[in-house]
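Protein chains in written order, with this note's numbering: chain S, 193 to 495; chain Z, 557 to 862; chain Y, 393 to 1065.
Among the hints, a few may not be true.
Sample of chain Z residues lacking proximity to chain Y, with all beta carbon distances greater than 10 Å (derived) [said to hold, decoys possible]:
1) 683
2) 692
3) 731
4) 754
5) 773
Residues of chain Y placed beyond 12 Å of chain S at every Cβ, according to the derived structure [as the list claims (entries may be wrong)]:
6) 515
7) 554
8) 560
9) 915
Subject to a maximum C-alpha distance of 30 Å in a straight line, what follows is the list of computed DSBU-like cross-link-like pairs (lysine-lysine) [what the hints assert, rightly or not]:
10) Y:1027 to Y:990
11) Y:990 to S:205
12) S:484 to S:453
13) Z:667 to S:407
14) S:205 to Y:494
15) S:453 to S:440
16) Z:769 to Y:990
17) Y:789 to Y:625
18) Z:645 to S:402
19) S:212 to Y:487
20) Y:674 to Y:718
21) Y:494 to S:212
22) Z:769 to Z:738
23) Y:552 to S:212
24) Y:1045 to Z:857
25) S:315 to Z:857
26) S:418 to S:407
Because the hints were derived from the structure by calculation, they are not lab data. All C-beta atoms in this analysis are idealised placements derived from N, C-alpha and C, irrespective of residue type, glycine included.
Read off the chains here:
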Amino acid sequence: MPPSSAITLDQRKIFILPTKEGILFSFLIVFMVIAGINYQNSLIFALAFLLASLFMVSILHTYRNLSGLTIMAGGTLPAFAGEDAEFTVVLSRFGVRTYEALLLGWNIDLLLGADLLEDEEVKVKLFVETRVRGLMNPGRMLIQTYYPVGLFRAWSWLDLDMKTIVYPRPVPAGAIPFSESTSSDGELIQREGVDDFYGLRDYQQGDPLKHVAWKSYARTDELLTKQFAAFADRRVWLEWDFFPGMDKEARLSRLCHWVLKLDTGNDEYGLRLPGVEIAPGRGPEHREEMLKTLALFEVEQGS
Amino acid sequence: MPAIIEETIAQVGSVLLGKEHQIKLALTCLLLSGHLLIEDLPGMGKTTLSHALAKVLNLSYNRIQFTSDLLPADILGVSVYEKDSSDFKFHPGPIFSQLVLADEINRTTPKSQSALLEAMEERQVTIEGRTRPLPLPFFVIATQNPNTQAGTFPLPESQLDRFLMRIELGYPDAVAERILLKGEDRRAVLERLVPSVNVHQLQELQVEAEQVKVSEALLDYIQRLVLYTRQAPEFAYGLSPRGALALLSCSRSWAFIENRSHVVPEDVQAVLPSVVEHRLREAADFSGHGGTALAQRLLTKVDVIG
Amino acid sequence: MTGFQIPRNSLAWMLAAQTAVILPHISRMPYSTIALCFFCVLWRVMVYQGRWSYPGKWVKVLFVFFGIVGLGIGYGTFLGLDPWVGLLIMMFVLKLLEMHHKRDGYVVILLGYFVALTQFLYEQGIPYTLYMFVCVIMITAALIGLNQTRSHLRPVQTFKKASVLLLQSVPLMIVLFVLFPRISPLWTVPLQSSVARTGVTDTMTPGNIALLTQSDELAFRATFADEVPPLSKLYWRGLVLSRFDGESWTQELPALYGRLYRPDQPPPSWRDNMELLGEEVKYSILLEPTSQNWLFSLTMPEGTDKEGIGLVRDFRFYSFREIRSKLRYELTSHLNYRIDRDLHDFWRYRYTLLPVEGNPRSKRLAESIWDRSPNKQEYIRNVLRRFNREEFVYTLKPPVLGDNSIDEFLLDSKRGFCEHYAGSFVFLMRTVGIPARVVVGYQGGEYNRIGNYVEVRQFDAHAWTEVWQEGQGWVRVDPTSAVAPERIESGLEFAVEGEDTFLSNLPLSWMKYRQTLWLTEIRLQLSALSHYWDSWVVGYTPSVQMSLLARYFGDLDRKWLGMVMMSSFFSLLGVVAIFILGKRSHTLLRPIDREYLKFCQLLAKQGLPRSVGEGPLHYAARVVQTRPDLAPAMKQVTDTYVRLNYAEDQPEKTESLRKAIRVYRFRNLVTET
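Could you put the whole structure together from the sequences, leaning on the hints where they help?
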């Protein structure tokens, strides 16, 4: 089955088997029946049969606690290789049936519990350990439940269409070397939205009215427009060639580290990889783009 | 279809070829005294549509071309000192008319945009401390270039909500295009249009449209739709109560245009994309798009029976 | 090791269930065990609150050691049921202090179920069963709590869930209970140690039956197949006491009686001494456990065919095993009979034997009456007349008598209970050479018309006599009836009405209020209920099962029964499954929508399913496009649905829609054929 973004559990997808405790419980019932036979005690029989019936009825309840549940792929948050990536899974129920004590996750030893009682929908944030950079699909997710009595385990493996980007693991690489394209003396940039006054120029059609130098107009009868500008400190180019002799992953890790470092400063920065070039820029979106490029650069298939 | 409306649609349709659905949507909006946002590339007939509507509905009409240097006063009007009477005289701006076409609203600064939007909301303007009512009925048809075009100030989400509907005209189909190419100038056709209603009749139609019956089952459907937008994870946020109300009244108005005494789910579905697309955003998308896909999702995921 | 903390919800129910399950055992447990239980629970609560930590290994060893020593001292033995139950309870409680894993929680819960089971070895009444059912719900709630997320903190909700689960299990349990093939014990098991039970004993000393009448405990219930004989004729014979040592009466030496008459052997020679006359009375007795071997029967019983029971030479029944659980046996008796018409000289000697010493005055009295009497019959009558005429008083509070008890009773105090009269009567008979013996058992009982049975309680205990007469054999003579005929006619409380001694130490006994009519009504109802319970639930033994099932299924063997059981169990499980899983996961549809969706399903079968979100008008249009022949029907159904649902807002009027769909169906049928 191809991965899908929402899966509703039904009998084709749910497996159910007794747990160790369930087997122990059935031994208890056998023991009770023997006691009933030996003591010729009807009420002991009754108790044994009640528990045997409970055993059977609990199959239905455990199954019910998964069937009809809808699991949707929610958002994901990227992570650096080696960290845990966050995957949001949305559990929702339709109608009156409630779900309780659902356990889900990718690692059978680290399952997260969730209830679906009053809410019609819950979002569960799951964390998956990442190892290599690239586009990560955590694989089939396990959802299981022991509820209500723990004698049976119902489970299902879900192939949810979930992917997240894993950035390279940042590796400190010392000070940033200047490539020849790094403009060390700064560059004047004119942009809207910056507020350092820079000078006046002739008014042109379409200039914002608030930028018109009214004082000067009053004096000279000449329409001038105020110009504002900011200096970018530097424009830094991050280059593939900074690290001669290193392998691809090592280079990317170090570049990643610098991206993070530059992001905290005031410099604009760009990236040059073989066949890829990102013009210098700043801000969260720029950073995002840089990291994404690093993450997906020549990713081996299958990772 | 009420005869007057039929005629109106036919007349407007003779100018704007092959766009009957959009014309009906625009009429739906106008019947509710709601404002309409038309978003499309230049040259698709936005101006033609509004002009034709004004003409056929017999409304006073003004067009404001929004540019980056447009000032609020250019829209609302100014008081000018008159030497003769030695007094300030108010010169009403282009907003003082029954149908205002705010062309390329996203090309002006937020300040001018909000002057217009406030007028739309309040249906009156306050200039120099004096409140002046706008004529009745009062409609604004705003047009907007897609945001990706350079040199634009996209309308913020909170402002988009003030438009009852947002429609796209789209390219004409082959047949319409052919007629367009072969036929005479649309402007000439526009000139020939004659009013099919007067203001009084229009108001009557508005009252009639409110009489359209909405059953419990239909309200259930609308509630399910609204609930879905609030619960499904692909929606960044759900539809507001105002959005839900807009959906209901538009459905009603549409049903009226369709000459039905009651609203059926198909009416809701006809207006739903125009009503909700600009009010929704996809969770995974930060650029503000994806409303179209979401509306389609709503239509195919929420059953009319449930 | 301390990583696992049992969920609060579960722990709360675990402790509550433990307390509830152990509570009924407390009266049987040594104080040391009770103290240990209490201490363990306290410790566990402290651990939960984080004040104390789990006990170390040595502390636990110490606990176990003291616990076992306490049990040993408390019970004096490790044989028998009680110490083992005590041990089980101790384990159950000690395990509380060792809950490091979820698995330990399961062990505590499974032990809990088992402790609940042991209670049924002691008590099987309806109230106890209901109580244990609640206990089982509580244990199950603890089990559920163990599997809930930690954030779930609503114990009442958990209890409700447990109740739902168990109530859904009850029908399945009933199937298993009725149909599971019952078999005989696989091996012998330790039974409850003999407990002192009130009841008729095989020794009669003046005063001990009077003591018995202070109890209102149930002795047995007898269900009659036909009409119940009058209460005055209901003499439930239990024991024959023929040896007198001057103070108390005891049974004849068993060796002298010879072989018992038992169903699996040919009848012994003395069987011919029984002549049963008159109509037969068929009845069955459900005897409460007595911890003794004798059984009660109306005079004079035929033999029995029940295994493990034999008829003794003095015509009463004897069980080869001590009666420790309820025992049901069917009997046929004849109220008219003639037994031992010819009495061997040896037996004449045995039945006239008296101690040489003692009670001289009584002997003289007997001789003086004998002198006055022309024959034996007249002698008997004179003695009875003496009881009747002289100042003899029938009382529950007889004075304490000395060595020559018969002398003192007959000539001095003249106040006594049935055993005084029976004993002294036999004494007087034997003194003059008439063979006579004391019979102990119950007399009368209370007729319950709801269940058509006679209920005999301890205060119906009675002693009377049998006198051997030439040509008639043993004849029953009840000297009490000469003193207090109302005892035989109506019952004990009428005989002692004046002295306020009836059940004087049981102020709240139901039995004291026999005269209050509405109370009696309730009491009879409850008693009948309890009788049904005892006969059909508690007394649902292999033989009862076989006879019950034979009535409905004819003869069936075990294999067949097993198959019937499995098939009924699983079909019922299917019904439960439908109940549990069949609840639609969608919100309830309104009837009109249900009808419309049914219609859509009809079309879906034709390959034209309605897609999600498709409105009725669009759907109709789409259908008609591919199937123009359906247009009229489509139009009618769709128009009706839209009209009712959207135009008129009357979704409850489904009739016209249904009609339109019927029309569609009909047309469809016509076009198909």
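Against the structure, the hints come out as follows:
1. No beta-carbon of chain Y comes within 10 Å of the beta-carbon of residue 683 of chain Z; the shortest separation is about 47 Å.
2. The beta carbon of residue 692 of chain Z sits about 32 Å from the closest Cβ of chain Y, which is more than 10 Å, so the claim that it is off the interface holds.
3. The non-interface label for residue 731 of chain Z is consistent with chain Y: the shortest C-beta to C-beta separation is roughly 21 Å, beyond 10 Å.
4. Taking the minimum C-beta to C-beta distance to chain Y, about 31 Å, the non-interface status of residue 754 of chain Z holds against the 10 Å cut.
5. The beta carbon of residue 773 of chain Z sits about 5 Å from the closest Cβ of chain Y, which is not more than 10 Å, so the claim that it is off the interface is violated.
6. The claim that residue 515 of chain Y lies off the interface is violated: its Cβ sits roughly 9 Å from the closest Cβ of chain S, which falls inside the 12 Å cut-off.
7. At roughly 8 Å, the least C-beta separation between residue 554 of chain Y and chain S is not larger than 12 Å, which violates its mark as non-interface.
8. Residue 560 of chain Y, annotated as away from the interface, has a beta carbon of chain S within 12 Å; the closest lies near 5 Å.
9. Against the 12 Å criterion, residue 915 of chain Y stays outside the reach of chain S, whose nearest CB is about 24 Å from its own CB.
10. Of the supplied pair hints, the one linking residue 1027 of chain Y and residue 990 of chain Y holds, its CA atoms being roughly 16 Å apart against a limit of 30 Å.
11. Proposed proximity of residue 990 of chain Y and residue 205 of chain S is supported: the alpha carbons are some 27 Å apart, at most 30 Å.
12. Our distance criterion of 30 Å between C-alpha atoms is met by residue 484 of chain S and residue 453 of chain S, whose separation comes to about 16 Å.
13. Taking the CA atoms of residue 667 of chain Z and residue 407 of chain S, the gap is near 22 Å; set against the 30 Å cutoff, the hint holds.
14. For the proposed pair residue 205 of chain S and residue 494 of chain Y, the alpha carbon gap of about 28 Å is at most 30 Å, so the pair holds.
15. In summary, the hint linking residue 453 of chain S to residue 440 of chain S is supported, as the alpha carbons are separated by about 20 Å, within the 30 Å threshold.
16. About 27 Å separates the Cα atoms of residue 769 of chain Z and residue 990 of chain Y, which keeps this hinted pair within 30 Å; it holds.
17. Our distance criterion of 30 Å between C-alpha atoms is met by residue 789 of chain Y and residue 625 of chain Y, whose separation comes to about 26 Å.
18. Taken as a hint, the residue 645 of chain Z and residue 402 of chain S pair is honoured in the structure, with Cα atoms around 26 Å apart against an allowance of 30 Å.
19. Of the supplied pair hints, the one linking residue 212 of chain S and residue 487 of chain Y holds, its CA atoms being roughly 19 Å apart against a limit of 30 Å.
20. For the suggested pair residue 674 of chain Y and residue 718 of chain Y, the alpha carbons sit about 20 Å apart, so the restraint of at most 30 Å is met.
21. With a C-alpha separation of about 12 Å, the suggested pair residue 494 of chain Y and residue 212 of chain S falls inside the 30 Å cut-off, and the hint holds.
22. In summary, the hint linking residue 769 of chain Z to residue 738 of chain Z is not supported, as the alpha carbons are separated by about 44 Å, beyond the 30 Å threshold.
23. Restraint check for residue 552 of chain Y and residue 212 of chain S: satisfied, since their Cα atoms lie roughly 26 Å apart, inside the 30 Å limit.
24. Restraint check for residue 1045 of chain Y and residue 857 of chain Z: the C-alpha separation of about 28 Å stays at or below 30 Å, so the hint holds.
25. For the hint pairing residue 315 of chain S with residue 857 of chain Z, the CA-to-CA distance comes to about 20 Å; that is within 30 Å, so the pair holds.
26. Taken as a hint, the residue 418 of chain S and residue 407 of chain S pair is honoured in the structure, with Cα atoms around 11 Å apart against an allowance of 30 Å.
Violated hints, in rising order: 5, 6, 7, 8, 22; the structure is consistent with all others.
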